[in-house]
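Those protein sequence lines, which keep their order, are chains A and B. Just so you know, we're using the numbering used here here: the first sequence kicks off at 890 and counts up by one. Just so you know, we're using the numbering used here here: the second sequence kicks off at 13 and counts up by one.
Honestly, the hints are just simulated from the structure, not real lab data. As the structure is a prediction and not an experimental result, all values here were calculated from the model. Where hints are given, some of them may not hold.
Here are the simulated DMTMM-like cross-link-like pairs (lysine to aspartate or glutamate), alpha carbons at most 20 Å apart as the crow flies [what the hints assert, rightly or not]:
#1 Lys910(A) / Asp38(B)
#2 Lys950(A) / Asp42(B)
#3 Lys950(A) / Asp46(B)
#4 Lys45(B) / Asp1035(A)
#5 Lys910(A) / Glu119(B)
#6 Lys23(B) / Asp1002(A)
#7 Lys947(A) / Glu896(A)
#8 Lys960(A) / Glu1044(A)
#9 Lys918(A) / Asp30(B)
#10 Lys947(A) / Glu87(B)
#11 Lys960(A) / Glu896(A)
#12 Lys910(A) / Glu48(B)
#13 Lys910(A) / Asp34(B)
#14 Lys980(A) / Glu87(B)
#15 Lys950(A) / Asp30(B)
#16 Lys23(B) / Glu990(A)
#17 Lys45(B) / Glu908(A)
#18 Lys23(B) / Glu896(A)
#19 Lys23(B) / Asp1035(A)
#20 Lys947(A) / Asp38(B)
#21 Lys947(A) / Glu48(B)
#22 Lys910(A) / Asp30(B)
#23 Lys980(A) / Glu990(A)
#24 Lys910(A) / Asp46(B)
#25 Lys45(B) / Glu954(A)
#26 Lys947(A) / Asp46(B)
#27 Lys23(B) / Asp1036(A)
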Amino acid sequence: MNEISDEDIVKMFHSGNGEEKAFRLLVGKYSERLYWHIRKIVIGHEDSDDVLQNTFVKIWKGLREFRYEAKLFTWMYRVATNEAINFLSEKRRKTYGNSQEITPSLENQLESDSFFCGDSIQRELQKAVLKLPERQRLVFNMKYFDDMKYEDIAEVLDVTVGTLKATYHNAVKKIEESLKISDTLPSFE
Amino acid sequence: MDNLDEKYKSKNPFTVPDRYFDTLGDRVMDRIKDEEGDIRKTSLFQTLKPYLGLAGLFAFAMIVMQVLLPNLVDENRMLLENGEQANTTAQTEDENIFDADFNPSREEIIEYLSQETDPIEFLYAERR
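Work the whole structure out from these sequences, hints included.
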C-alpha cells in the first residue's frame, strides 16, 4: 500500500472536515522517528513521551498555519528539537538552578534506564555523545544515528551546510577522543 | 577490523514499553481535545468576566440597599422624632430656669455684672 504523502495529509487537515483523521495519519507516519530523535536528546522514556506529546500538540496548533515555508518533516523535526531542548533547560533550572551542566544527570539516567538494551560499548558511545556541547550533539545525532542529509539538518537547525559539516567533524573527533578507540572508528565521517 | 559504523548505527540501544506507538495516536488526540476544551472554557469565561463582575457588583449593591436602607430610614425617623422631643423638652427646661415673677431691676443687673460671684447663686441670694 502506498504511504499517503505529506502534501495530501496537510490538504486533508486544511479541508476542514478531516482534521483528526489527517493528524492521526501524521502521528502514525512520523511518531517513531520523532520519538527516537527526542529520546537521544532527553534519554529517559517517560521524559521522551512527555516531550513527544508536547511536540504533537504544538504541531496540531501550528499545522493550521503551515504553508510549506519548510518541508513538513523538517518543520516537525524542528518543533521536536526545540521542545526537547526547552525540556532539558527547564529540568536543569529546576534541578540545579541553571548553575550546572545537565550531562551528569543524563548519564545517570542512561545508567539506570530500564529501557536501554545496548551493550557496554553502545552505552559508552551514548555517554560520549552526551558530553558534547548541545549543538554538536544535535548535529551528531541527526547525521550519524538518524542518517539525515546535511540540507535537511541545516533546515532544522537554521544553519549553513558548511557550518554543519565543520560541527559534525568536531563532534566526531571529540567522541573518538572520549572513547579512546579512534583507530576502531573509521567510518563516522 | 570491526565496522563500527554498521554495528552501532543499525542497532538502536533504546527500547519502549510494549505497544507504546500503537496507543500514542489516541493519547495525543485525548490531550489535544483536553487542551482545546480548557481553552474554550477559559475563553468563554474570559469573555463574560467583565459582565459577570458588573452583575456581581450590581447584585451586591442591591442587597446592601435592601438590607441597610430600611434600617437607615427607621433610624433617621427615630432620630428626627427624638430630636423634636428633645428640642421641646430643652425649651421647656430653658423656660423653667427663671421664675415667671423674677424681674431684676436695672441696678440689680449692673451690680451682678460688676461682681465675680456665681450668677445663679447671686441672683437668688439677692432675692432671698
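Checked hints:
1. Lys910(A) / Asp38(B): Measuring from Cα to Cα gives roughly 11 Å; hence the hint holds.
2. Lys950(A) / Asp42(B): holds (14 Å)
3. Lys950(A) / Asp46(B): With a Cα-Cα distance of about 13 Å, the restraint between Lys950(A) and Asp46(B) holds, given a limit of 20 Å.
4. Lys45(B) / Asp1035(A): violated (31 Å)
5. Lys910(A) / Glu119(B): violated (119 Å)
6. Lys23(B) / Asp1002(A): holds (17 Å)
7. Lys947(A) / Glu896(A): Holds. Lys947(A) to Glu896(A) sits at ~19 Å (cutoff 20 Å).
8. Lys960(A) / Glu1044(A): Since the Cα atoms of Lys960(A) and Glu1044(A) sit roughly 9 Å apart, the hinted pair holds (cutoff 20 Å).
9. Lys918(A) / Asp30(B): The given pair, whose Cα atoms are some 18 Å apart, holds under the 20 Å limit.
10. Lys947(A) / Glu87(B): At roughly 65 Å apart (the allowed maximum being 20 Å), Glu87(B) and Lys947(A) break the hint.
11. Lys960(A) / Glu896(A): holds (10 Å)
12. Lys910(A) / Glu48(B): The given pair, whose Cα atoms are some 17 Å apart, holds under the 20 Å limit.
13. Lys910(A) / Asp34(B): Status holds; Cα separation ~15 Å.
14. Lys980(A) / Glu87(B): Status violated; Cα separation ~66 Å.
15. Lys950(A) / Asp30(B): Measuring from Cα to Cα gives roughly 29 Å; hence the hint is violated.
16. Lys23(B) / Glu990(A): Violated. Lys23(B) to Glu990(A) sits at ~29 Å, over the 20 Å cutoff.
17. Lys45(B) / Glu908(A): holds (12 Å)
18. Lys23(B) / Glu896(A): Distance of about 31 Å is beyond 20 Å: violated.
19. Lys23(B) / Asp1035(A): The given pair, whose Cα atoms are some 12 Å apart, holds under the 20 Å limit.
20. Lys947(A) / Asp38(B): Roughly 16 Å between the alpha carbons, so the hint for Lys947(A) and Asp38(B) holds.
21. Lys947(A) / Glu48(B): OK: Lys947(A) and Glu48(B) at ~12 Å, within 20 Å.
22. Lys910(A) / Asp30(B): Roughly 24 Å between the alpha carbons, so the hint for Lys910(A) and Asp30(B) is violated.
23. Lys980(A) / Glu990(A): Roughly 11 Å between the alpha carbons, so the hint for Lys980(A) and Glu990(A) holds.
24. Lys910(A) / Asp46(B): Holds, because 17 Å separates the two Cα atoms, which is no more than 20 Å.
25. Lys45(B) / Glu954(A): holds (19 Å)
26. Lys947(A) / Asp46(B): Roughly 14 Å between the alpha carbons, so the hint for Lys947(A) and Asp46(B) holds.
27. Lys23(B) / Asp1036(A): holds (13 Å)
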